[in-house]
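Each chain, written out:
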Amino acid sequence: MIVNLFLNILVLFLGGIFSWLPQVETLPTIVGFDIDAYMTLGVGYLATVFTSFWPLGIMFQGFLVLMGYFLVKMVLRFFLGSRA
Amino acid sequence: MRKFYIADSYIDNSNMVSNKNIQLLFIALVFFLIPQGQAEAQTPQTKAVYSISSDCRLVYAPGVVENLEFPMPPQTAEIYEYHAEYPNTAPGGSASGYQLIWYDWFGLFFGQETYYSGGHTPTTMYVNVSERQPSPANNGDWWINFKHSDGVGGYVDEYLEYTILGDHSCVPYTNTGTPEVDPTITRIIDFNPQTGTTTQNPVFFDVEAYVAPEDLGTVTGVTITLHNIDQNVLILGALSPSDIWLVDEPITQAGNFYFSTTTTIGEGNYRLEACIERNVFNDSSGILGDWAGGIIGIFSDIDTCVSHQFIVGQPSYIGTISQNLWSDTNDFYNGLSATSSEALAGSCNPLGGSFGIRECIVFMFVPDNNQLQLTMQEAREAFLTRIPWGYFTRTYSILSNPATSSLPVFTTNIQIGPGNNETPPTTALTFDVGDMIAGGGAIVDGIRDPINGKSFRDVFEIMVQGLVALAVLLTIVADVGGTHRHSEVSEKRGNNRVT
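Heads up: the sequence lines are chains A and B, in that order.
The numbering of the first sequence is the numbering used here, which starts it at 119 and goes up by one.
The numbering of the second sequence is the numbering used here, which starts it at 17 and goes up by one.
Just so you know, the hints here were simulated from the structure itself, not pulled from any lab data.
For each label pair, taking beta carbons as the anchor points, the in silico distance ranges come out as:
#1 B:Pro440 <-> A:Leu189: 49 to 59 Å
#2 A:Met177 <-> B:Ser471: 18 to 28 Å
#3 A:Val149 <-> B:Leu388: 41 to 51 Å
#4 B:Arg464 <-> A:Gln141: 46 to 56 Å
#5 B:Pro366 <-> A:Leu189: 50 to 60 Å
#6 A:Val121 <-> B:Thr446: 51 to 61 Å
#7 A:Ile148 <-> B:Leu388: 33 to 43 Å
#8 A:Gly160 <-> B:Thr214: 52 to 62 Å
#9 B:Asp448 <-> A:Met185: 22 to 32 Å
#10 A:Val121 <-> B:Arg396: 17 to 27 Å
#11 B:Ile403 <-> A:Met185: 17 to 27 Å
#12 B:Val493 <-> A:Met177: 10 to 20 Å
#13 B:Tyr333 <-> A:Val121: 38 to 48 Å
#14 A:Phe131 <-> B:Arg464: 56 to 66 Å
Think of the CB as a built atom: it goes at the ideal place given N, C-alpha and C, for glycine as much as any other residue.
Using the sequences and the accompanying hints, generate a full structural model.
Put into structure tokens, the structure is as follows:
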């Protein structure tokens, strides 16, 4: 009860603070390029390929892990500079 | 394990004791680059997704069902109507009818010549099993038998059991003829072996679950994990090599889920845990991968688990003690919280008849599973969809959307006649990329070991995972090493320039 109460208060608080911000329904369209539509279509393609042929899905997961590593490395370098 | 409702949701508190999220955190940290340790992972058999609706219609999603048989009723009765469509298999068409008489049993055969020639895989189907003319004689427990091909010339049986009530509505079958839980909510219906049973090898495992359509976005899968208690008493449970994931099946369709397998395991004491995995931020497509999806999932993962304890062959002394301790702990815990929050709230009223300080403390501090889910969803709606982080939420939603898009088809016209002809004949060549990939996947998955029946995927998936994980690991190690060498070289060059 108390844990739930704290969580609800937190959600209420954050919801109240940010309620003035507009809600995001779709990703924006930039210079005629509908990012939301193209991304949805692209992910649909990926889902089709990975569903049909599982080794590609595993390779893609490995690719994402690798990209995650480089992202972390990039962030560390940004904040720590040459000490990273 | 007692089951109960809170606000129309099925709650089981066993997951609170096991602290699944902490286990997941450990597993994600330790194994994020290592193939998952599924000691004897099994691929569930091909199955149809079906359920019985409240108006006694068989709700069916496409699957490889070859025959349907209906049982002999208590006495001659009528089936209201049936309808089946199989447009994707030549000769396409449909079959439907009304007022069929049930003499012995009634069957729809899709793989034999009794009713329709050729092998058919029905894409849509409904069978209204209630009577046109109401008659009490047809009330009671019924079943429909689905026969699936086992891939080696035989059949695997599945049963959908239901009860026709006096008002001619239908509910899932139970021993008492009345549903234990609301049939429309997502839940583990049952799984075996049951608690307290002693069985012999080979052991039959099965699980039946139901996923409500409205939960399809947040329910990510059904799992069954088998713990050998004899070994786990000495090793941390989450990292024990003796844990066997019998089922780890993602859920992509609403309705009934069924899995069964028979396997030989060592004698001793076991605990079997069946879980419905829920995730408020659901990466149901798996595109984000085990790693990214798992990390995000930790923070929004709310599982519903049920456990059974059983013995195979001879129990061990330590195993029996462990089972008894676990049972006592869960009985104690459930004794405190196995009623609704509203009921526990009464224990905090010193003037009430059910006042109890222990129950009151539990009520105040132990979070309610259902409430946690609601809070997570509210949090998402309240601020996670707002600018600017709403763009990340939207991106995540797109990435985790399980919907597929048909791959583009390329067509090109090729001249096939002589070059000096003014109007040379041409032919169109069409490349269906989706069909090619699907065909490749079907061929790979269709290869089976003739001895143990395991598919190509069963055998090689773990190897492919291992190779990919190794390649990623080596790339990272090489990058880290190369970066250091590069730094040392740069440092030396810099020093040389200075001197």
